[in-house]
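Asker: Here the protein sequences come in this chain order: A and B. Last residue of the first sequence: 341 in the numbering used here, with the numbers rising by one and none dropped. Last residue of the second sequence: 341 in the numbering used here, with the numbers rising by one and none dropped.
Note that these hints are calculated values from the structure, not bench results. Please note: incorrect hints may appear among the correct ones.
[What the hints assert, rightly or not] Reference excerpt, derived from the structure (chain A facing chain B, CB under 8 angstroms, subset only):
id: 1; residue: 229
id: 2; residue: 262
id: 3; residue: 264
Don't be surprised by glycine CBs; every beta carbon is placed ideally from N, CA and C.
There are 2 protein chains.
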Amino acid sequence: MNKHERMAAALRGQPVDRTPVWFMRQAGRYLPEYMEIRSKVSFLELCGDPDLACEVTLQPLRRFKLDAAIVFSDILPVVEAIGREVTFEKGHGPRLPNPVRCAADAAELVRPDVADALHIVPKTLDLFRKLEPNTPILGFAGAPFTLLCYLVEGGGSKSWKHTKQLLLSDPKTAHMILGMLADTVGDYLQLQMDHGVAAVQIFDTWAGILTPEDYKTWALPYAQRALARASGVPKLYFTRDSAPFLKLLPTTGADVIGLDWRVDIGEARKVLGDMPVQGNLDPISLYGPNEEITRRVHNIMRAAGPTGHTFNLGHGVQPDTPITGVHAMIEAVHSFRSTED
Amino acid sequence: MNKHERMAAALRGQPVDRTPVWFMRQAGRYLPEYMEIRSKVSFLELCGDPDLACEVTLQPLRRFKLDAAIVFSDILPVVEAIGREVTFEKGHGPRLPNPVRCAADAAELVRPDVADALHIVPKTLDLFRKLEPNTPILGFAGAPFTLLCYLVEGGGSKSWKHTKQLLLSDPKTAHMILGMLADTVGDYLQLQMDHGVAAVQIFDTWAGILTPEDYKTWALPYAQRALARASGVPKLYFTRDSAPFLKLLPTTGADVIGLDWRVDIGEARKVLGDMPVQGNLDPISLYGPNEEITRRVHNIMRAAGPTGHTFNLGHGVQPDTPITGVHAMIEAVHSFRSTED
Numbered sequence: 001m002n003k004h005e006r007m008a009a010a011l012r013g014q015p016v017d018r019t020p021v022w023f024m025r026q027a028g029r030y031l032p033e034y035m036e037i038r039s040k041v042s043f044l045e046l047c048g049d050p051d052l053a054c055e056v057t058l059q060p061l062r063r064f065k066l067d068a069a070i071v072f073s074d075i076l077p078v079v080e081a082i083g084r085e086v087t088f089e090k091g092h093g094p095r096l097p098n099p100v101r102c103a104a105d106a107a108e109l110v111r112p113d114v115a116d117a118l119h120i121v122p123k124t125l126d127l128f129r130k131l132e133p134n135t136p137i138l139g140f141a142g143a144p145f146t147l148l149c150y151l152v153e154g155g156g157s158k159s160w161k162h163t164k165q166l167l168l169s170d171p172k173t174a175h176m177i178l179g180m181l182a183d184t185v186g187d188y189l190q191l192q193m194d195h196g197v198a199a200v201q202i203f204d205t206w207a208g209i210l211t212p213e214d215y216k217t218w219a220l221p222y223a224q225r226a227l228a229r230a231s232g233v234p235k236l237y238f239t240r241d242s243a244p245f246l247k248l249l250p251t252t253g254a255d256v257i258g259l260d261w262r263v264d265i266g267e268a269r270k271v272l273g274d275m276p277v278q279g280n281l282d283p284i285s286l287y288g289p290n291e292e293i294t295r296r297v298h299n300i301m302r303a304a305g306p307t308g309h310t311f312n313l314g315h316g317v318q319p320d321t322p323i324t325g326v327h328a329m330i331e332a333v334h335s336f337r338s339t340e341d
Numbered sequence: 001m002n003k004h005e006r007m008a009a010a011l012r013g014q015p016v017d018r019t020p021v022w023f024m025r026q027a028g029r030y031l032p033e034y035m036e037i038r039s040k041v042s043f044l045e046l047c048g049d050p051d052l053a054c055e056v057t058l059q060p061l062r063r064f065k066l067d068a069a070i071v072f073s074d075i076l077p078v079v080e081a082i083g084r085e086v087t088f089e090k091g092h093g094p095r096l097p098n099p100v101r102c103a104a105d106a107a108e109l110v111r112p113d114v115a116d117a118l119h120i121v122p123k124t125l126d127l128f129r130k131l132e133p134n135t136p137i138l139g140f141a142g143a144p145f146t147l148l149c150y151l152v153e154g155g156g157s158k159s160w161k162h163t164k165q166l167l168l169s170d171p172k173t174a175h176m177i178l179g180m181l182a183d184t185v186g187d188y189l190q191l192q193m194d195h196g197v198a199a200v201q202i203f204d205t206w207a208g209i210l211t212p213e214d215y216k217t218w219a220l221p222y223a224q225r226a227l228a229r230a231s232g233v234p235k236l237y238f239t240r241d242s243a244p245f246l247k248l249l250p251t252t253g254a255d256v257i258g259l260d261w262r263v264d265i266g267e268a269r270k271v272l273g274d275m276p277v278q279g280n281l282d283p284i285s286l287y288g289p290n291e292e293i294t295r296r297v298h299n300i301m302r303a304a305g306p307t308g309h310t311f312n313l314g315h316g317v318q319p320d321t322p323i324t325g326v327h328a329m330i331e332a333v334h335s336f337r338s339t340e341d
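Assemble the whole structure, with the sequences as input and the hints as a guide.
Answerer: See the structure below:
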């Protein structure tokens, strides 16, 4: 099987010659060649330049035997596209100088033409497919609720107090913004599909801050709405906290569920029925000894079973992860032989 | 029923006249009278003075119709007792100038005589019971794994990288420290029981950073060991992330499970069998309108059922929580009438 066939089969739950592997944030700060580029340009400049973004997307493929790439970008261009500036300060996460906290703020938001407002990633995809036609590439977007978190909070947070206050105090405005985000995200996923991605993933990173009732009101319906707007290739749904919502995840409309490391992948598959899954090594495992990494990778593969599994981390790779650990993980995926053979 | 009878019954799953209520961090920064005291003494001075600690423990009882108090203290005195200094800088969480990262560091730790090293809380309990004999008071401790997190990391963390690195790279040292912590915590719980607490709670706040396999190796056995060392009154186990481990929680040896807000309390009770529970309002709900707080409190009470439930937040109250929100929550607990009546 070539990489395209292997990824396509795994994401559709069909038999594969071996489990494919890629990992979240594989193009990023743990790579010296990425830091070399970042020494010359800022994160935002990198996200805004298709040539550089394509180069960075290609970097991990040169080092590691990976079965897929994910386009280098961020989830926040969608927030900029609907009308809010995002800045990145060194050593901090993203900041929105003007967060959206009330109906008047929300009225300033605009529903963008995604082909116009979000043209960098499509260009990056076109370049990548020309330079590296043998490797499937994934597109992605933030899920509507997770984008709302940044839009309202104005940056990362421990409590997400402002976001939850909006949900509690002005549900009408929150629903309005989420609807706008869902349609924009859906159109953006379709745009990436139209530029040849093999799959798309939405990241509902912060859905896990919600109660199950709030998840059903604020996160799930808008993830469904975004995913329903795009079709053509497999769609993946990832949340950093899948355990509380596991039973609900088959209703997202996604074809594949990306699991974080806090669930047993074998038990999760029982709950998810015949849905393919992706995951779920704890990214911090990569700081451990090689034998321990191998043991953990093989345990996951044994529990996940041979079909319908794409190997991945359970969250993005950490910026100072040792490259030897990444090598050990990928070697372990390649060396796995199920005892049932 | 008086407060003692009501709490005792709820924690044992016996019938009550109404669901009792207290909440985590009810003695704390959201109260102006607490901030008044803190304008004169530091957090560590407050924790080290039984008269002041008792006064602060009493404060929320004067404002709110609460069924129990929890002794004012912190989870980190146990870390100091086994040999590591803890400092608190303004605006930051706790810091350990000398974290424990290797076998040589661990060899410096000492198994303390808890009656000697942890004498403040017993004195505070004696004072409280003299001044407020009508209100039951809970004792508490950090669970061994959560204490290990602070001990190794040297403070709060997003990734808990150093802690996980120790587990991966030097499991022998990690098990040694956890054993020492478990025995110390167990003795400390017994000491608090000997000074008249109505119940004890252990906080395994950070257990949720672990995979299920790691939870079974590093958190669960040491929580069991600590809880097994103390007996006499009901024992509660709380973790900030109960969803991934729900099935395992009846094996902790606790009598009552404290649930965070990310699980449906009704569904959790089905998994936990006949174990009494405590919880589980999202603390950020208290920033919402009163009617919405009431609706959420009543939904929780309806889902939890009339017996074996102690009402609480799903995590500690936030420092800038509006007092009106706290009043609304407590009023809602008192005003609830189950539709089955």
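Asker: Of the numbered hints stated previously, which ones are contradicted by the structure, given in increasing order?
Answerer: Violated hint: only 1; rest satisfied.
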